[in-house]
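Asks: Residue numbers (this note's numbering), protein chains in the order written: chain A, 77 to 746; chain B, 176 to 342.
In short, the hints are calculated from the structure, not lab data.
Here the structure is a predicted model, which is why all the values come from computation and not from measurement.
Hints are supplied without guarantee of correctness; some may be wrong.
Unchecked claim - Footprint (simulated), chain B over chain A, 3 or more residues, beta carbon under 8 Å:
| hint | stretch |
| --- | --- |
| 1 | 361 to 368 |
| 2 | 405 to 418 |
| 3 | 540 to 551 |
| 4 | 604 to 612 |
Stated by the list, open to error - Now the in silico label distances, taken between C-beta atoms and shown as ranges:
| hint | chain 1 | residue 1 | chain 2 | residue 2 | range |
| --- | --- | --- | --- | --- | --- |
| 5 | B | ARG321 | A | ALA398 | 31 to 37 Å |
| 6 | A | VAL414 | B | ARG202 | 33 to 39 Å |
| 7 | A | PHE330 | B | GLY220 | 26 to 32 Å |
| 8 | A | VAL414 | B | ALA330 | 19 to 25 Å |
| 9 | B | ASN301 | A | VAL496 | 36 to 42 Å |
| 10 | B | ALA237 | A | TYR547 | 56 to 62 Å |
| 11 | B | ALA279 | A | VAL496 | 32 to 38 Å |
| 12 | A | LEU316 | B | GLY276 | 57 to 63 Å |
Claimed, not checked - A few chain A residues that don't get close to chain B, going by computed Cβ distances all over 12 Å:
| hint | residue |
| --- | --- |
| 13 | VAL104 |
| 14 | LEU281 |
| 15 | GLU345 |
| 16 | SER375 |
| 17 | GLN499 |
| 18 | SER583 |
| 19 | ALA684 |
| 20 | ALA712 |
| 21 | GLU715 |
| 22 | PRO733 |
| 23 | SER737 |
| 24 | LEU740 |
The beta carbon of each residue, even a glycine, is placed where N, CA and C say it ideally should be.
Below are the chains, spelled out letter by letter.
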Amino acid sequence: MSNINLRLAAATLAGVASISGQAAADNVDRASFAELFNEPVTTSATGAPQRATEAPVNMTIITQDDIRASGATDIPGVLERLANVDVMRSFRGQTDVSIRGYNTQSSPRLLVLVNGRQVYLDHYGMTNWDAIPVQLGEILQIEVVSGPNTALFGFNAVSGVVNIITVDALRDDVDEASVSAGAPGYTSASGIWTTRLGEDLGVRLSVGGFDAESYEGDDIAVQTALAQDARDPMARNVALNAAYALSDKTRIEFETTWANSERTERYGEPMLSDYETNSFKVGLFSETALGMFNAQIYSNNLDLVMETAFAPLTIDNAITVASASLVAKPAPAHTVRVAGEYRVNEYDDGLGTTSYDVHALSGMWNWQVSPALALTTAARYDSLELQREGAAPANFPLTNDDYSTDFNEWSFNLGAVYKVSEQDSLRFSAARGIGSPSLLELGFQLPVPPPAPGMTVFYMGNPNLAPAVVYNVEFGWDHDIASINGRLRASAFWQRSEDLRALGVTSTVYSFVPMIIGSGGGNVGESEMHGLEFGLEGQSGRIHWDAQYSWRSIEDELASTAAATVPLDFEATSPEHVATAGVRWVGERFEVGADARYTSETTQFGVASAAFDTPAPVDAYVQVNARAAWQVNDAASVELSGRNLLDAETQTIGLNPLERSVVLTLRTSF
Amino acid sequence: MRSRFVAATLAALMLASAPAQADTSARDLQVMARAVGFVEGLPRGNVTVAVVDGPGADAIVAAMGAGVAGGGVTLVPRKVAVGALAGSGARVIIVPEGHGGSHAAIAAAARGLRAITLSTDMACVNSGNCVVGVAAEPRVEIVVSRAASAANGIAFGQAFRVMIREV
């Protein structure tokens, strides 16, 4: 996976037909710069445009060619090609992704964005991957940062960042449609249309969706808890993007999206969920006398209905983010970035509204000390204020005043990149990242059936939760190997997470007469990790290959979370060893490839319908995927891909067994 | 002793990874064409480029053939002697390796033409006589002389400037 096979990646990016091909006002024309530098270009390391090999963080860029070669039908399947990424598929439809271990259901440690707009859902700090309104065919590249990057992106960029970059509505002419059908029980369709309205306005409409049958293990799990089958996963999403060049130095962008995702998921107990999201975004990019100015404002809205064993639960969450940044190069060797952000996050539970405001200021300084040495310093200050308005359930033990809390946190990223020779680069980074408690962790107020008459029990948030703090120190080495037309990458890192959180770990008696008990969240302790990562990739004629290995050694210092909604035992649940390998042959019209992934043994909670407080061993397993594609002519292609081919069913780190699947796709471009 | 060690270390850092000098290759010319595409105010499409006549010129013209495309421009070569540059009207000038003795004269002509000068000879860029230095192998390196670009009225997009090395 890229930073692999840079020439192929750059050629692929260049193949995205460019409409303008001019040095227009630049919100970073990644395709043109990739063609120029023969490698991908990113802004996800420091906020300033950089070549991937010069980023002072552990950066992997997955190109459109990598996406197609993976044969994956969703973004987590693409990410799973990276050995340091763990993909936890608990139900067909419930997928959680983490970088370097620490994965759980509804994982809050990974920040996921599309073109800089978060698609990570702030109500609980998780990502519904099926509800991300992006078609695989419109993705230019996926920028994956391993390790904290709160200093650039804000809260919850702690295990890493996934920034999905789409093709540009004005510069890139992408028109394609595809239909897929597969077993067990899978159909999907996708369409992307781009058009120019005059010289300066580009519009892209993308539509897609899928329907799938739940796996047998999913049905069993839900029958046990809810006396019915699992809800079959489905998704529909629409996105409209427009870009208008006001001048050769200024452009405005507009985006609106809608997505609907239904699925079964489990966080403690199984729930049948219906997510509906929509978003609006306006952005302004301008080259000014002071530098590159970016401003954007967007709002994300979530309506979530969850059928639980108790009663339907409705969550109405809205977040609005306004941000601005300026990137300038005041001297030949110095690039600086200053930025500010304001966000409002609101959760309406039907009786009242819990919300928080965040004010943030950040700065970045990159100093090219010499042709060989670059130093980067980035820092950010976030100030969060929580509040609640409105009514509460009868007998609720906290008042609105109890929610008037705040916290202020610094985050930083320090980096150095030293080019030892034309083939070798060394990288050092140190970071402090912040994981904020989610709105539900802070402000949830849910009456639940009491264990005995005369009692009132609430499942509730804790407004005094402290944010998690993650420290990461890392050394990296990149070595180009001309003889294999590829490179070796190696990293060694240490990471410490403090003030980790769990729901349902505290049980507080607020009143004896009447008996009022609250079950809430708490900060539960610390965890430390050491790790090594290796990657080797190359090309020989028409054969492309790669291999990666990730080792993580975790030690927890946690209070007991046996009573938690989801118990935490990262030492046991995070795989210590993960290895991936892939090979493909690329012909003129035909391409065939396969990849394998090994995950070492773990212990997981709630596996195969067991109660969530029941740990069970999960043996080491191997997943094998394969893909064959035939370019029928310049406009049409046929692709057959299979996933988890070794066995009919595989118990992975997810809750229920994954089934073998095969998908046939017909694709046309026009 | 300590100060000499520090100085020697700094010197090694400064010299490390400087691109090796070599004749201008087809790949170098491709990078030049793409870099020209990021210059503000230059015409698009077919652009006649003056290749300074003398050592290396014939090889460059042969490598460029009918033209080298990239970044919305196609550079079409024409050999021009140093003495004839000022009257050539060229907005893009390629300076082959081996013209060290003429760098100042080329720079003077380019200033009058408000032309962009490109070369794989980094000495031309470091001395402020050429605007852009290019090396395509083993990795693409682009170096821009701030003084030369300002003197010749050459402006690049800001994202381009952030990603290249300026001297």
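Asks: Broken hints, numbered, in rising order?
Replies: As far as the earlier hints go, 3, 4, 9, 13 and 17 are violated by this structure, in ascending order.
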